[in-house]
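Protein sequences appear in the order of chains A and B.
In the numbering used here, each number is its position in the first sequence, counted from 1, plus 852.
In the numbering used here, each number is its position in the second sequence, counted from 1, plus 2.
Hints are computed from structural coordinates only; laboratory data are not their basis.
Beta carbons: idealized from backbone N, C-alpha and C, even for Gly.
Be aware that a few hints might be false.
[Unchecked claim] Per the computed footprint, the stretches of chain A lying under chain B, defined by three or more beta-carbons under 8 Å from a beta-carbon of chain B, are: (1) 1326 to 1332; (2) 1438 to 1446.
[To be verified] Quick partial rundown of chain B residues pointing at chain A, CB under 8 Å, derived from the structure: (3) I6; (4) G48; (5) C49; (6) T62; (7) G152; (8) P196.
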Amino acid sequence: MARINSPFELEELRKQILSVRDPNKPCITLCAGSACNASGSREVARSLEEEIQKQGLSSTVDIRQTGCHGYCERGPIIVVGPEKICYFQIKPEDIAEIITETIVNKKVVDRLLYVDPATNEKIVHEHDIPFYKNQERIVFGANSSVDPKSIDDYLAIGGYSALAKALSQMTPDGVLQEVKKANLRGRGGGGFPAGVKWEGSRNAPGDIKYVIVNADEGDPGAYMDRSLLEGNPHAVLEGLAIGAYTVGCSEGYIYVRQEYPLAVENIFTAIRQAEEYGLLGENILGTGFSFKVIVHQGAGAFVCGESTALMTALEGRAGEPRPKYIRSNVVGLWGRPSVLNNVETWANVPLIINKGADWFTSIGTETSKGTKIFSLVGKITNTGLVEVPMGTPIKDIIYTIGGGIPGGKKFKAVQTGGPSGGCLPESLLDLPVGFDELTKAGSMMGSGGMIVMDEDTCMVDVARYFLDFLTDESCGKCVPCREGMRQMLKILTNITQGKGREGDIELLEELAETAIEGALCALGKSSPNPFLSTLKYFRDEYEAHVKEKRCPALSCKELISFYIEPEKCKACMTCARKCPSDAIISGKNLIHIVDQEKCTKCGTCFDVCPPRFRAVTKISGVPVPPPIPEEARTIVREKQK
Amino acid sequence: MSEILFEIDGKQVTAKEGMTLLEAAKTVGIKIPTLCYHEKLEPFGGCRLCIVEVESRGWTKLAVSCVYPVEKNIIVRTRSEKVDRIRRMILQLLLAHAPDAFDLQDLAKEYGADKDRFEKEPSFCVHCGLCVRYCDEVKKKNAIGFVDRGIRKEINFIPDIAAKECWNCKECFPLCPTEALQAAFVLVEALAFPAAEAAKG
Chain A
853 MARINSPFEL EELRKQILSV RDPNKPCITL CAGSACNASG SREVARSLEE
903 EIQKQGLSST VDIRQTGCHG YCERGPIIVV GPEKICYFQI KPEDIAEIIT
953 ETIVNKKVVD RLLYVDPATN EKIVHEHDIP FYKNQERIVF GANSSVDPKS
1003 IDDYLAIGGY SALAKALSQM TPDGVLQEVK KANLRGRGGG GFPAGVKWEG
1053 SRNAPGDIKY VIVNADEGDP GAYMDRSLLE GNPHAVLEGL AIGAYTVGCS
1103 EGYIYVRQEY PLAVENIFTA IRQAEEYGLL GENILGTGFS FKVIVHQGAG
1153 AFVCGESTAL MTALEGRAGE PRPKYIRSNV VGLWGRPSVL NNVETWANVP
1203 LIINKGADWF TSIGTETSKG TKIFSLVGKI TNTGLVEVPM GTPIKDIIYT
1253 IGGGIPGGKK FKAVQTGGPS GGCLPESLLD LPVGFDELTK AGSMMGSGGM
1303 IVMDEDTCMV DVARYFLDFL TDESCGKCVP CREGMRQMLK ILTNITQGKG
1353 REGDIELLEE LAETAIEGAL CALGKSSPNP FLSTLKYFRD EYEAHVKEKR
1403 CPALSCKELI SFYIEPEKCK ACMTCARKCP SDAIISGKNL IHIVDQEKCT
1453 KCGTCFDVCP PRFRAVTKIS GVPVPPPIPE EARTIVREKQ K
Chain B
3 MSEILFEIDG KQVTAKEGMT LLEAAKTVGI KIPTLCYHEK LEPFGGCRLC
53 IVEVESRGWT KLAVSCVYPV EKNIIVRTRS EKVDRIRRMI LQLLLAHAPD
103 AFDLQDLAKE YGADKDRFEK EPSFCVHCGL CVRYCDEVKK KNAIGFVDRG
153 IRKEINFIPD IAAKECWNCK ECFPLCPTEA LQAAFVLVEA LAFPAAEAAK
203 G
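Full structure from sequences and hints, please.
This is the structure in structure tokens:
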């Protein structure tokens, strides 16, 4: 690779890359993000290469292994270009047919197409599928057209043109004004305006300053940053370099958790390639600007996403937050001004520089501009990553894009913002997603986790789950967080086990206040949120647990019993055969009974009872009816003729 | 260094720039309770007992006085209903671990903290970190450190360093507000370097 010495040479190289690429040449792109790899994408890739060779098509077909396309529910995904024919849930044995039919015979393989569950129609093209159609993938969209290990792929879609523009046509102040005008708010936690943060560092005294990428994403169920780093690492690097130029840094860090091996691998590759092209390193594009990027692999601790803890960890010490009342953009890493933004925030920067603040602010709400990538998981039909304009109603994300709740169940709540966020009930489904809208409703944007819960979810247990996660992930430095959470978790666990006492809710509220007011860092201060937000919208569930020893969602094991309704039981023996603890008293033509002493409440009987009978029920808060008398248990069947 | 004028509990205070609220309060004889503070050590901000109310430009917030730098014209209240309530809760949480610690008992009396509010879990160490920081910052030996994190975090002597360094020092012992430190030392000594005591005669 030859070094590029000017913005002009960069454009020349881009033209050259594009000139040898035939837009009409068939190209098979395969999603090779972590989720798809887990569902067999690597095997598919291998058989793809073998088959292409076997059929002698190596020179006529391109293969591109890309990052995550977002529709993780249906992976591995293959898109055949140039027509963008989309095939889902591909197995290695499908490959021969795809190549013979679609590449050679120019025919669509019907059986691999997406079937719209609403209309039962088969959909050929990616952009017509409801999951994609209703998104606006300005940041995430490039994932499906670049191989993250190829800088040429990124250059082909205009990569590094924003950096070239900033360095050659704009002053650092000009870039800053553009980012401020765009009102880009941090996609990591509180939504602090990135431009204001940058300005603080820029104006802070000192010659040495740093820019840092926070890729320590650790919220349960969230993986947007991971997918961006894996799938489009150059976009993050480009944004970081632009930030460095603006603030006046010559050194930047990427703090990424080691549990993201593919992200680590791809970011190292991307840095090496960018350095070879002279897009990172000394005298970038001949403009005199020098910038070096160092990757730091963290051990994956949720608390290290907190800014001062992350910086302490970067300095080589245990990742514990520092008690400081001076912002880290003024006194940060090694006591120097440091701008810390998360992956998605940095990835937005090149777009703003290229397309302008006016374009960016045309998307979104009054106070939240641009788009946001959400990680849509839980009780949802289409699990995956979704990018929508700020202001999109939650309902649209869950129903139009997410396909609603599977299994005919009823929506109960959506948890947004990770452990520091909160649960929103059905009555708030029309709420537009935006930083301030979510905060006002008692939740938050956070990094964009969105966990959908259905009627079977117990909200007290949800609070207990998140508290359990946080007690594990807290650094343990300050008393309100370490000790307060220990007690909160104990009380919540007791409540879900039917050992709740009068006054527990009030004690939890007191502990919550101590954490909010007294804890050292944002993790501790927000640790009561899982409890507070569930209490706000689902107080009746807490009260039912404490006062009636009843779990309204029929979910808390200690508070439920399984019972077979005698008039519905057809003595089919299915539950008895599957019960792992021999707790079903049964017999041919004998109505079955659950032996409550033996029952471990695993729910197998409930799950296997044929839907046409639905004889097994869950009950909570009331005694189990006594077993029917022995003489009434025999079923007399009419003989079949 | 410029002088900074502000108010603590109704008293006018003149402090030097860069001073913390806790230090400034001391100069005028106002006592703020602390557990993890030590004048020879870097502020830690872990126990949160020294929390106070700070009023600045009409806004009132809670701040931890051992790390909060003095500011011009602020009004500081070291006692208020809310401050006392939070201190009381912190004490109650700590008393579950070290119910017999004298410092905690004295403070409990002052703030009306109920030592039986939470179920006892006597682990004795209250994670003030005085021993760990003293050994690191003053003695530069690092013979004792924190291990693990969150609710599993504990102090521990590093046997090979402790075997060499601790016999002639033990300066951290009187710093410990509970008995946890000496217990931890005796334990690691018994398990890891009993020979050292024998050698000493």
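Taking the hints in turn, this is what the structure says about them:
Taking a C-beta to C-beta cut-off of 8 Å, the segment 1326 to 1332 of chain A contributes 7 residues in contact with chain B, enough for the three needed, and the coverage statement holds. Restraint check on the segment 1438 to 1446 of chain A versus chain B: 0 residues with Cβ-Cβ distances below 8 Å, three needed, restraint violated. At its closest, the beta carbon of I6 (chain B) sits 14 Å from a beta carbon of chain A; the interface hint therefore is violated under the 8 Å criterion. Of the supplied interface hints, the one on G48 (chain B) holds, with its beta-carbon coming within about 5 Å of a beta-carbon of chain A, less than 8 Å.
Taking 8 Å as the C-beta contact cut-off toward chain A, the hint placing C49 (chain B) at the interface holds, the least distance being around 6 Å. A distance limit of 8 Å between C-beta atoms decides the matter here; for T62 (chain B) the minimum to chain A is near 11 Å, and the interface restraint is violated. For the restraint placing G152 (chain B) at the interface with chain A, the shortest Cβ-Cβ distance is roughly 4 Å, inside the 8 Å limit, so the hint holds. With its C-beta approaching chain A no nearer than about 30 Å, P196 (chain B) sits outside the 8 Å limit, and its interface hint is violated.
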